[in-house]
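Asks: If you read the sequence shown in this note's numbering, its first letter stands for residue 16, the second for the next number, and so on.
One or more of the hints may lead you astray.
Claimed, not checked - Derived Cβ-Cβ restraints for the label pairs, each shown as a range:
1. Met50 to Glu28: 17 to 27 Å
2. Ser57 to Met16: 32 to 42 Å
3. Leu31 to Gly53: 17 to 27 Å
4. Gln20 to Leu61: 19 to 29 Å
5. Arg17 to Ile52: 27 to 37 Å
6. Leu23 to Phe59: 11 to 21 Å
7. Pro40 to Arg17: 30 to 40 Å
8. Ile52 to Asn25: 20 to 30 Å
9. Asp49 to Glu21: 35 to 45 Å
10. Glu21 to Gln54: 28 to 38 Å
11. Ile26 to Met50: 26 to 36 Å
Unchecked claim - When the alpha-carbon atoms are kept at most 30 Å apart in a straight line, the in silico DSSO-like pairs for lysine-lysine are as follows:
12. Lys60 to Lys30
13. Lys38 to Lys60
14. Lys38 to Lys56
15. Lys56 to Lys30
No wet-lab data here; the hints were simulated from the structure.
Given the structure is predicted, the values throughout are model-derived calculations rather than measurements.
No residue lacks a Cβ here, since even glycine has one placed at the ideal position from N, Cα and C.
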Amino acid sequence: MRTAQEVLRNIDENKLIEHSFYKHPLMVNKLDDDMIIGQIKSNFKLIFRL
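Could you build all of it, start to finish, from the sequences and the hints given here?
Replies: Laid out in structure tokens, this is it:
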């Protein structure tokens, strides 16, 4: 049986972030008009890793 720390060390961050986007899609009306998808994802990844 693995500990919680072992499980967390082995999680694929990108898969976790993509799953989070799938479960909680971004609301288009809450985004800046000038932002592109890559910027949105990178900003979300920075927030997610804090």
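Asks: With reference to the structure, classify each hint as holding or not holding.
Replies: To see whether the hints hold, each was checked on the structure:
{"no.": "1", "hint": "Met50 to Glu28: 17 to 27 Å", "result": "22 Å, holds"}
{"no.": "2", "hint": "Ser57 to Met16: 32 to 42 Å", "result": "36 Å, holds"}
{"no.": "3", "hint": "Leu31 to Gly53: 17 to 27 Å", "result": "18 Å, holds"}
{"no.": "4", "hint": "Gln20 to Leu61: 19 to 29 Å", "result": "23 Å, holds"}
{"no.": "5", "hint": "Arg17 to Ile52: 27 to 37 Å", "result": "35 Å, holds"}
{"no.": "6", "hint": "Leu23 to Phe59: 11 to 21 Å", "result": "19 Å, holds"}
{"no.": "7", "hint": "Pro40 to Arg17: 30 to 40 Å", "result": "31 Å, holds"}
{"no.": "8", "hint": "Ile52 to Asn25: 20 to 30 Å", "result": "28 Å, holds"}
{"no.": "9", "hint": "Asp49 to Glu21: 35 to 45 Å", "result": "42 Å, holds"}
{"no.": "10", "hint": "Glu21 to Gln54: 28 to 38 Å", "result": "34 Å, holds"}
{"no.": "11", "hint": "Ile26 to Met50: 26 to 36 Å", "result": "27 Å, holds"}
{"no.": "12", "hint": "Lys60 to Lys30", "result": "11 Å, holds"}
{"no.": "13", "hint": "Lys38 to Lys60", "result": "15 Å, holds"}
{"no.": "14", "hint": "Lys38 to Lys56", "result": "15 Å, holds"}
{"no.": "15", "hint": "Lys56 to Lys30", "result": "13 Å, holds"}
Violated hints for the displayed structure: none, as all numbered hints are satisfied.
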